[in-house]
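Visitor: As they're listed, the protein sequences go chains A and B. Everything in the first sequence is counted per the numbering used here, starting at 1 for the first residue and increasing by one. Everything in the second sequence is counted per the numbering used here, starting at 118 for the first residue and increasing by one.
One or more of the hints may lead you astray.
With a Cα cut of at most 25 Å, we get these calculated SDA-like pairs of lysine to any residue [claimed, not checked]:
1. B:Lys185 - B:Pro171
2. B:Lys141 - A:Thr111
3. A:Lys49 - A:Thr24
4. B:Lys141 - B:Thr130
5. A:Lys109 - B:Asp174
6. B:Lys141 - A:Thr24
7. B:Lys141 - A:Val115
8. B:Lys141 - B:Asn188
Keep in mind the hints are simulated off the structure, nothing from the lab. From a predicted model like this one, the values you see are computed outputs, not experimental measurements.
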Amino acid sequence: AQSVAQPEDQVNVAEGNPLTVKCTYSVSGNPYLFWYVQYPNRGLQFLLKYITGDNLVKGSYGFEAEFNKSQTSFHLKKPSALVSDSALYFCAVRDGLGGAGSYQLTFGKGTKLSVIP
Amino acid sequence: DAGVIQSPRHEVTEMGQEVTLRCKPISGHNSLFWYRQTMMRGLELLIYFNNNVPIDDSGMPEDRFSAKMPNASFSTLKIQPSEPRDSAVYFCASSPGETQYFGPGTRLLVL
Numbered sequence: 001a002q003s004v005a006q007p008e009d010q011v012n013v014a015e016g017n018p019l020t021v022k023c024t025y026s027v028s029g030n031p032y033l034f035w036y037v038q039y040p041n042r043g044l045q046f047l048l049k050y051i052t053g054d055n056l057v058k059g060s061y062g063f064e065a066e067f068n069k070s071q072t073s074f075h076l077k078k079p080s081a082l083v084s085d086s087a088l089y090f091c092a093v094r095d096g097l098g099g100a101g102s103y104q105l106t107f108g109k110g111t112k113l114s115v116i117p
Numbered sequence: 118d119a120g121v122i123q124s125p126r127h128e129v130t131e132m133g134q135e136v137t138l139r140c141k142p143i144s145g146h147n148s149l150f151w152y153r154q155t156m157m158r159g160l161e162l163l164i165y166f167n168n169n170v171p172i173d174d175s176g177m178p179e180d181r182f183s184a185k186m187p188n189a190s191f192s193t194l195k196i197q198p199s200e201p202r203d204s205a206v207y208f209c210a211s212s213p214g215e216t217q218y219f220g221p222g223t224r225l226l227v228l
C-alpha cells in the first residue's frame with residue numbers, strides 16, 4: 001500500500017520569504033513523487049515530479065522539491081514567495097513497482113499556502 | 118492542445134435525478150482517471166481506465182455510480198439516482214504514463 005502525509009493544513013509566509021510545503025510518503029518499492037497546485041475553482045496543475053536521478057527537482061513557476069530517501073520526504077520549496085503562489089498544494093506518490101496498468105496516484109490531503117503581502 | 122475537457126462545468130439537479138458527467142482526454146493519453154473532491158474527504162480516486170479498460174473501480178462509492186469509456190477520446194461518469202451527499206467537484210484526468218493532467222472539473226450540486 002502507498003500513502004502520503006502532508007502534516008500542515010496551512011502554511012503562511014510573507015512575500016519574498018522562502019517557503020516550504022512538507023510531504024512524507026510510504027511505498028513498497030521506489031517512489032514516483034509529484035507536486036500539483038490547485039487555484040480556486042480550477043483543476044490540479046502539474047508542478048514537478050521525481051522519478052529517478054538528481055534528488056533536487058526543478059519545476060514550474062520557480063518551484064523545486066528535494067527527494068530525501070532516508071527521511072521518506074519530498075518537500076516543496078521556493079526561494080522567494082509571491083502573492084500569486086497562494087493556492088492549495090497536493091503531494092502525490094505511486095509505487096514504481098507497478099506495471100503498465102498501475103498508474104494510480106495516492107494524493108495527500110493538501111496544504112493551503114497563503115503568501116502575505 | 119486543448120487539455121482535458123469536461124462538461125458540464127456546473128450541474129444543479131434534484132435528488133433522484135440521473136446525472137451524466139463527460140470527459141474528453143488529451144489525445145494520445147492511454148490512461149483516464151475520475152476523481153471526486155470534497156472538503157471533508159479531499160481528493161478521492163473513483164475509477165481509472167487503461168486503454169479504455171477499467172482497471173480499478175474500488176473507489177466507486179456504490180452501485181449508483183457507473184463509468185464507461187467507449188473509445189479513447191470519451192468517458193462518462195453517471196450517477197443514478199443522485200443524492201445530496203454526491204455534491205462535490207468531479208475531476209477527470211488523463212495520462213500518457215507517469216504524469217496525470219487534470220481537467221477543470223464539474224461542480225455538482227444535488228438538492
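Visitor: Hints first: check each against the structure and report whether it holds.
Guide: Checked hints:
no. : hint                : in the structure
1   : B:Lys185 - B:Pro171 : holds, 8 Å
2   : B:Lys141 - A:Thr111 : violated, 29 Å
3   : A:Lys49 - A:Thr24   : holds, 14 Å
4   : B:Lys141 - B:Thr130 : holds, 22 Å
5   : A:Lys109 - B:Asp174 : holds, 21 Å
6   : B:Lys141 - A:Thr24  : violated, 33 Å
7   : B:Lys141 - A:Val115 : violated, 35 Å
8   : B:Lys141 - B:Asn188 : holds, 10 Å
Going down the numbered hints, you'll see the structure goes against 2, 6 and 7, while the others check out.
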